[in-house]
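Can you join these two chains into the complex? Each is in its own frame, and there are hints to help.
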Amino acid sequence: MSSNKLEEYLVEKGLFLTAIFSIIIILIIIAFIFREGFPIFQEYGVLNFIFGMNWAPSDEQYGVFTMIVGSLCITGLSLLMAVPLSILCAIFMAEIAPKTFRKILKPTIETLAGIPSVVYGFFGLIVLVPLVRVQFGGTGFSMLTASIILTIMILPTIISVSEDALRSVPHEYKEASLALGATQWQTIKNVIFPAAIPGVITAIILGMGRAVGETLAVIMVAGNVTQIPNSILDPVRALTSNIALEMGYATGVHYNALFGTAIVLFIMIMVLLVIANYFHYKKKVVIGGGYL
Amino acid sequence: MDSKVKLGIIIILIIIGAYFLFKPGVQYDRIEIAGSTSVQPVAEKLAEKYMEKHPNVKINVQGGGSGMGIRTAQQGIVDIGTSSKKLKDNEKDGLQDFVIGTDGIVIALNTENNVTDLSTEQLRDIFSGKITNWKEVGGPDATIHVIVRESGSGTLSSFKSLVMKKTNITSDAIVQGSTEAVKQAIKQDPYAIGFVSLSHMSSDVKAIEVDGITPSETTIADGSYPLQVPFLFLTKGDPKGITKDFIDWVFSAEGQAIIREEKIVPAIANVSDDT
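Chains as they are written, first to last, in the numbering used here: chain A, 1 to 292; chain B, 1 to 275.
Just so you know, the hints here were simulated from the structure itself, not pulled from any lab data. Possibly wrong hints are sitting among the right ones.
[Claimed, not checked] Below 30 Å or equal to it, Euclidean Cα-Cα: the simulated DSSO-like pairs (lysine-lysine) are:
no., chain 1, residue 1, chain 2, residue 2
1, B, Lys187, B, Lys53
2, B, Lys166, B, Lys6
3, B, Lys6, A, Lys13
4, B, Lys263, B, Lys4
5, A, Lys5, B, Lys4
6, A, Lys13, B, Lys166
7, A, Lys5, B, Lys160
8, B, Lys244, B, Lys53
9, B, Lys187, B, Lys263
10, B, Lys263, B, Lys160
11, B, Lys4, B, Lys88
12, B, Lys187, B, Lys88
Here chain B stands alone, though its shape is the one from the complex (with noise of 0.2 Å):
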């Protein structure tokens, strides 16, 4: 029977041991960073760097979407909460934001598709499924397959908000889990029509205008492209300590050639200039 018991402890030791091998031991200045999941690569990347540099520090970037980024922040639960969204007037209250750069949303379409522009408007119907045919917006006559991104996805929340408006997204909608899987399936089919992020896109599918102007560095940095996601820190009052030299350090020349790097438009002109 004993040997039972000894068995029992021996299970209890090695489970108690693992714990404390995984659970870190060693007290950080650490910096909670929260929100939007577009922001977050960017996010990541600007902690790494930070992190290589101030090796005392911990910066822990987690997803969550823009809404719970402005919620945390406003409760201060996490130090930094990230949107890519702009604030509305309600969500305000008492945060302080950062626009560390700005990202578009570009449509794609096949290559061999002969529409080259179209307006706000026409996107919201063709998404919406009120136009279901090419040949409606100056196209060949066949009928538009609408791609879309996954729920929770921040390139589609940006979308929705920026372009949809009230309206709901059409149920026929192929729903894609990444980028890439968008390009592909744009690349492969000559009728459908999808949305990335200007800093993935890659000339295997084609951007076209949005109520005219052509997404690019220069159409975003002068607010002229429609599609415009601004990639926001925000911080409950002003930023104290070790948040405050991150957020400065992500302003210095080094921390917006990183944003660069990540192909998102940073919010000092002087940087974009240099190309």
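This is chain A alone, in the form it adopts within the complex (with noise of 0.2 Å):
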């Protein structure tokens, strides 16, 4: 037994064990948020916590539904306004952008992902409240304003890994495409941005689970009332907020509940993962030659 063997052994073990630390993490953190979460499903039962409409731990009422509304409703609302603004703008630094200008583009954006979601949540507290007040009426507290702070929060993650995922389209597609003669937009709308679909909807998929799961900036614009909203200046609660507003005080079957909460949006962003990467093979297999 030469001590080669015996490092290569070790060595291989040491990476298999950090390997699986994610795994078994993860594990640990499903088995904890289901065996306390658990008992209000027992207790409330299923469909009424998950189709409940009011929420009022102090009467004994947990119904989340239209916090899973509110989710859904700021997750939507901010992916509309991302996504067509962080495509075009990492096209416009992956294609057209001169090597100088993209230069000063690219720290900048990456400095807006950097900034803490408490700082965001204070500037939106700050400025944008009153300015949603002002112009649109109502109290500022509403899923707009929520929606915009994460649209501003999730615009780094889908422009740079959209703008990755455009620049390692082959080259030769671009070529082969303005030797054809098409012109450079042509061959951004036709051949680029085709092959570089499933990168983009990784990074759109990575922008939507920050806008799900982040919580302190949304508690802190979105109102945290509990209803369904009847137009984007009502303010609402997501799943997050409700957890992390009551976590401090809660005990026993209003504990569980937060658990079960939990449970919700483990399972909601669950299904919307598996509906993301389902489009992403979709793409993939169509494109057939893009090896995304």
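If you want it as structure tokens, here you go:
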């Protein structure tokens, strides 16, 4: 038995351990959330919990449907604003921007990603909430305000990942297209962008994940009212906000109900991921030659 | 195959090692405190100072709400239960209560709002959604924006029992997660109304009179301000041993000075005079 072999063995097992570490962590977290949250499903009923319209822990009412709607609406609206903005920005950065301009733009966008969410939340509370109140009426705490903040927060994620995707489209595609006499816009529209779509979808998935999971900034600007919003100017409460707002005090069934909320959130994110991944792979097959 | 077994053993050893690492081993005299989330910060501060002087005592302060404080004290699960509500007669059952201090709830408006006085009834109508325009209470013609705290908050439950009684708070009320957030929301909205505890009051929002009385240390100490929040320590029977020592210390000049530092009006009057 040479020392080389032993080293080989140790390195191999060491790498294996680090690799399964994240799997172990996520399994422990899942087990914990389900153990703590399961009693609410038994006591209150799964359907009552998920489709209940009233959340009033002091009256023993634990329905999270308004918050599921709240989370989906905020996320949907912010994706609606962020996706076109960030994809166009990514195309500009990858294909059109001169090198020097790109050198300024890229670090700026990366800085945007590094700002802590509490700062975004505070910015929203001080600047956006009064702005929305003065422009559109109401209290200013609204789905729209939360979505605008989330849009700013997920922009850098979507921009940088989709820019990478656009850049890794093989040069030959572009050259071939230009050689056939296509203009630059035609090349981008018909060749580069379609080839990069799987990567762009990954970018959107990542952005969506951040939007669904964002807590602090949303708490500060969304108003946290448990109701189905009638318009984008109505206040809403997201699932994450519900957990963070009340966790400090919750005991007994209320505590279980908050973990139940986490289970719902968890399942919701999984469903969104599966849907997004489905499109990701579907597009991948359609492109065929694309190697992303 | 046996390399997998080895790996399993290593993982188990690591987990067991971590468990022992985080498990406290030394024995202390313990005091368990649980209950009102309003009392919690003061109780924590008191516990911290007391433990500094008595290193062999370990005081554990938990939240859970006044109801839980009363219940667990009665059942003897904790040594001291805390409550920010006066005990009802049927709750007193065998409990000894100590008022360690009193806080007040301040109704806060934007500084631009010209309303200066509201009655408890008006407050109830505003927060239940019956009064929705400021002009109904002598203010500008604008919709009232009600801001409340999240359910479970000690300030909210005190406000409910003092002002709302059995009435429900309107479902349109904006919910904010902290005293600071409530103040920020009021600061930037001229038509907002909210409540914060006196201990967290600052000049960037306007405190109004309730039933004609300005909230202050004096009006709370003499009992005239209506929205008072008593901070109670509850023990089952007379406190004994280390718990008695702790409560005695809380009522000493030193303990009351700490309560005063937390901007709670202390229980012993002469301490509150030496401003």
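Now the hints, each set against the structure:
no., hint, in the structure
1, B/Lys187 / B/Lys53, "41 Å, violated"
2, B/Lys166 / B/Lys6, "64 Å, violated"
3, B/Lys6 / A/Lys13, "11 Å, holds"
4, B/Lys263 / B/Lys4, "60 Å, violated"
5, A/Lys5 / B/Lys4, "17 Å, holds"
6, A/Lys13 / B/Lys166, "64 Å, violated"
7, A/Lys5 / B/Lys160, "71 Å, violated"
8, B/Lys244 / B/Lys53, "16 Å, holds"
9, B/Lys187 / B/Lys263, "22 Å, holds"
10, B/Lys263 / B/Lys160, "22 Å, holds"
11, B/Lys4 / B/Lys88, "63 Å, violated"
12, B/Lys187 / B/Lys88, "37 Å, violated"
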